[in-house]
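> Sequence:
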Amino acid sequence: MMRSAMVLVVGICVLVFSTFSVFAGRSVPRSLVPQMFLYEEKPEMAQPTTVPGSVTWSIDMRTDANGRSDPVVQAHIAVPTRRLTAVLTLERNADPSVSASHLIELSFQIAPGFKGGGIYSLQRMSMKATESDRGEALIAVPAKVTDNLYMLALNDLPEARARNLELLERQWIDLPIFYQNGKRALLTLEKGADGERIFNQAIQAWTAKDLAAAAAGNAQ
Numbered sequence: 001m002m003r004s005a006m007v008l009v010v011g012i013c014v015l016v017f018s019t020f021s022v023f024a025g026r027s028v029p030r031s032l033v034p035q036m037f038l039y040e041e042k043p044e045m046a047q048p049t050t051v052p053g054s055v056t057w058s059i060d061m062r063t064d065a066n067g068r069s070d071p072v073v074q075a076h077i078a079v080p081t082r083r084l085t086a087v088l089t090l091e092r093n094a095d096p097s098v099s100a101s102h103l104i105e106l107s108f109q110i111a112p113g114f115k116g117g118g119i120y121s122l123q124r125m126s127m128k129a130t131e132s133d134r135g136e137a138l139i140a141v142p143a144k145v146t147d148n149l150y151m152l153a154l155n156d157l158p159e160a161r162a163r164n165l166e167l168l169e170r171q172w173i174d175l176p177i178f179y180q181n182g183k184r185a186l187l188t189l190e191k192g193a194d195g196e197r198i199f200n201q202a203i204q205a206w207t208a209k210d211l212a213a214a215a216a217g218n219a220q
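Its first residue numbered 1, the sequence shown is counted upward by one per residue in full-length UniProt numbering.
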């Protein structure tokens, strides 16, 4: 009886270890419905307020003045309880007069009654592997175009360009902002399965165009 019990325990341990090893070698499945959260600073509270929202990813083709098309990544963000919507756009810079490898645009639409009074500034865009990570900022210069429109120009130096493209492969995005009333907030977006596929598709196309342009330049 004792021997049979020991064999059974050993068998269970082997099975559990084998199962753990199989799952440990797999990547975590991406969310079918990407998550989105708005974190708002509350001075009287130790932790920020968490407001759930939604994000939908899409990809489009944009044609420049020379007839060349490039993929454009878009995220449509909505936080209904805060009467806040926004569109995040990421595209490769095709204008040689602009010193940037890629351009990120964040356009807000704010309904009357928004408690923050409006958007005062966009600080940066950070990428992270999981929702709980601190994240790492893209190497970029922020600019305020209007009260509701903000841009980030990604550094076009070779090392910075390579690092930014590497960061853009991460699953989560942080967009820290300031409200007009002086309070801080954070938009946190998940790519999910669709967003990851869209980013991969766009990055591959951008990289191919950059390589082709470099080859053409070397041939001259």
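Check before you lean on any hint, since a few could be wrong.
Capping the alpha-carbon separation at 30 Å, the derived lysine-lysine pairs in DSSO-like fashion look like this [to be verified]:
1) K209 <-> K42
2) K128 <-> K183
3) K183 <-> K115
4) K128 <-> K209
5) K115 <-> K209
6) K42 <-> K128
7) K42 <-> K144
8) K183 <-> K144
9) K115 <-> K144
Restraint-style ranges between C-beta atoms, simulated for each label pair [unchecked claim]:
10) S97 <-> S132: 34 to 42 Å
11) A46 <-> A212: 35 to 43 Å
12) L211 <-> A111: 39 to 47 Å
13) A205 <-> A111: 32 to 40 Å
14) A162 <-> R68: 38 to 46 Å
15) E41 <-> V87: 29 to 37 Å
16) D147 <-> A65: 41 to 49 Å
17) G67 <-> T89: 38 to 46 Å
For the record, the hints were derived by calculation from the structure and aren't laboratory data. Where is the CB? At the ideal position from N, CA and C, for every residue including glycine.
> Determine for every hint whether it applies to the structure shown.
Here's how the hints hold up against the structure:
Distance hint between K209 and K42 is unfulfilled; the C-alpha atoms sit about 45 Å from each other, more than 30 Å. At roughly 23 Å between alpha-carbon atoms, K128 and K183 fall within 30 Å of each other, so this suggested pair holds. At most 30 Å may separate the alpha-carbon atoms for a hinted pair to count; K183 and K115 meet this at roughly 10 Å. With a CA separation close to 26 Å, the supplied pair K128 and K209 stays within the 30 Å bound.
Under the criterion of a C-alpha separation no larger than 30 Å, the hint pairing K115 with K209 is inconsistent with the structure, at around 44 Å. Between K42 and K128, the direct Cα distance comes to roughly 24 Å. Compliance with the 30 Å bound is thereby established for this hinted pair. For the proposed pair K42 and K144, the alpha carbon gap of about 25 Å is at most 30 Å, so the pair holds. Distance restraint check for K183 and K144: the Cα-Cα separation of roughly 18 Å lies within the 30 Å cut-off, and the hinted pair is therefore satisfied.
Restraint check for K115 and K144: satisfied, since their Cα atoms lie roughly 21 Å apart, inside the 30 Å limit. Take S97 and S132: their Cβ atoms lie about 41 Å apart, and the range 34 to 42 Å holds. A46 and A212 have their C-beta atoms about 52 Å apart, which leaves the hinted 35 to 43 Å range violated. Taken as a hint, the range 39 to 47 Å holds for the pair L211 and A111, whose Cβ atoms sit roughly 44 Å apart.
The given range of 32 to 40 Å is respected by A205 and A111, whose C-beta atoms sit roughly 35 Å from each other. As the Cβ distance of A162 to R68 is approximately 23 Å, the hint placing it in 38 to 46 Å is violated. Between E41 and V87 the beta carbon distance is about 24 Å. The supplied range of 29 to 37 Å is therefore violated. Range check, D147 to A65: Cβ separation about 29 Å, and the 41 to 49 Å hint is violated.
Between G67 and T89 the C-beta distance comes to about 21 Å, which lies outside the given range of 38 to 46 Å.
In the structure shown, a violation is registered for the earlier hints numbered 1, 5, 11, 14, 15, 16, 17, in ascending order.
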